[in-house]
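For reference, the chains in residue letters:
2 protein chains.
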Amino acid sequence: MRLHPFDQAIALHADGPDVFAGHCGAAYWNMVGPFGGVSAAIALRAVLQHPALLGEPLALTVNYAAAVAQGPFKVSARAARTNRSTQHWTVDLSQTDAAGVTASVLTATVVTALRRATWSGSDIAAPPMPPARAFARTSAPAAVEWFNRYEVRTVAGGIPGTPPESPNPAPAEFASLTQLWMRDDPPRDLDHCSLAALADVFYPRIFLRRGRRGPVGTVSMTVYFHAGAAALRGCGSGFVLGQARAQVYGAGFFDQTAQLWSESGLPLATSSQIVYFKD
Amino acid sequence: MRLHPFDQAIALHADGPDVFAGHCGAAYWNMVGPFGGVSAAIALRAVLQHPALLGEPLALTVNYAAAVAQGPFKVSARAARTNRSTQHWTVDLSQTDAAGVTASVLTATVVTALRRATWSGSDIAAPPMPPARAFARTSAPAAVEWFNRYEVRTVAGGIPGTPPESPNPAPAEFASLTQLWMRDDPPRDLDHCSLAALADVFYPRIFLRRGRRGPVGTVSMTVYFHAGAAALRGCGSGFVLGQARAQVYGAGFFDQTAQLWSESGLPLATSSQIVYFKD
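So the protein lines, in turn, are chains A and B.
Mapping of the first sequence onto our numbering: residues 1 to 279, in sequence order.
Mapping of the second sequence onto our numbering: residues 1 to 279, in sequence order.
Among the hints, a few may not be true.
[Claimed, not checked] Chain A regions said to be covered by chain B (calculated; three or more residues, Cβ under 8 Å):
1) 10 to 20
2) 75 to 83
3) 111 to 121
4) 203 to 211
5) 214 to 223
6) 250 to 259
Since the hints were made in silico from the structure, they are not lab data.
C-beta: ideal position from N, C-alpha, C; glycine also.
Start from the sequences, fold in the hints, and give me the full structure.
Structure representation (structure tokens):
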């Protein structure tokens, strides 16, 4: 059986205590490196594959230190602390260059935890949105290969065109809001790794706010997981409903927040990221 | 000159390459450990004091692995990667127990960066709020010593009383919104370390949502810094305006987001955290 491209991209094999080896291919290629969502999934995957794992993903922070190159990489995942119901992981993804120099290209921390039945609720409602099939599929921007690995149907706040610039929208709380339906293509059953990647599918908010694209790169992303493995299995390969908006832009960086729900309105994950931009 | 209690709490001295030593006292004591905001500031402080530092704080993620005990601790801060304009740090705070066993009590990652003049803007407006002096000072809950180190004036969403429970408010986007003015007491000029701590001053949103207090503990907090050192110096010891609200609660954890502005409305930081709760 041929592996799904996502499973191929995040495949790791044990390569010593706390070390895993993987390979970066072209299937999820972005402009100068792989799609950051897949790199986040790889960091998480190393933890989930670790023999000492306790519980399920709760929090993931990924710091993008350098562009990952196509070719082999190693991931170290170390349990810094194991408690009764939580576990704290430190992750580092490194590559060795042509000159034989090994350097970190990504650092991450992961918290895993045992989930237990408690009171639950939400202070953020899933936005009322017509079903995915009511919207046309959004095609990949030129040279953004990874976007072809997702079926994205944009509900609001689509990616602006190329220059000439449109005028900046007036500052407003929802100036940078995008809402979309998304899932892997080909469809793949949802799990924590694919969910982590979906949290990064939203294009940089500054494109929308300024009405044009420009050089950008995520510096750090955090994902909080609100659904356990069983709940994610229940989503099958259905669409995920996501929305993202920016907070503050300045001094070459801006941040954006995102929320993801299942088709049935179950909160799956919340996320934030800070992004480098060039004027 | 006597050090400000905050400076005393975060004081570190070099103790070898990439290692700093500090001491946890009682001034910022919470129920079972120090105020998490101060622990976050210590992790950041180690990076800022490192001789190899490049730039200023951009992103900080702190994972609270275990309660910090009163007494000595060590902080390791290692530059995993240094680029032209960004630097990626891995931080670990450890303590040695009575039996001589050393263990991590906190892990963190920090990204520092050179700020440069670019287009700036905000998609989140500072909420219109009357000046701090229009509101009474909020007194510290019993046994929450650290709260005495802050002058907090609650504008909306004050901490609910002790049981008997009030009925749960209906789910709504702003069911868990708190807005407040805050600053160090005694007043202290704002910097990135004190700002990181202020991002954690908001009490857990679940208290407000459920109308009662209960056992909680922050598991992971992320802070994005939107103001440079010069802008923070310009704030002097003025109040910081903050708001926080929850997103999703369930399976023993919930997350909350926060935004902080200067008295003049300058966006200073945005933050999120995920918190353990017991029913």
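Hints versus structure:
no. : hint       : verdict
1   : 10 to 20   : violated (count 0)
2   : 75 to 83   : holds (count 3)
3   : 111 to 121 : holds (count 9)
4   : 203 to 211 : holds (count 3)
5   : 214 to 223 : holds (count 3)
6   : 250 to 259 : holds (count 7)
The structure shown violates just one earlier hint, number 1.
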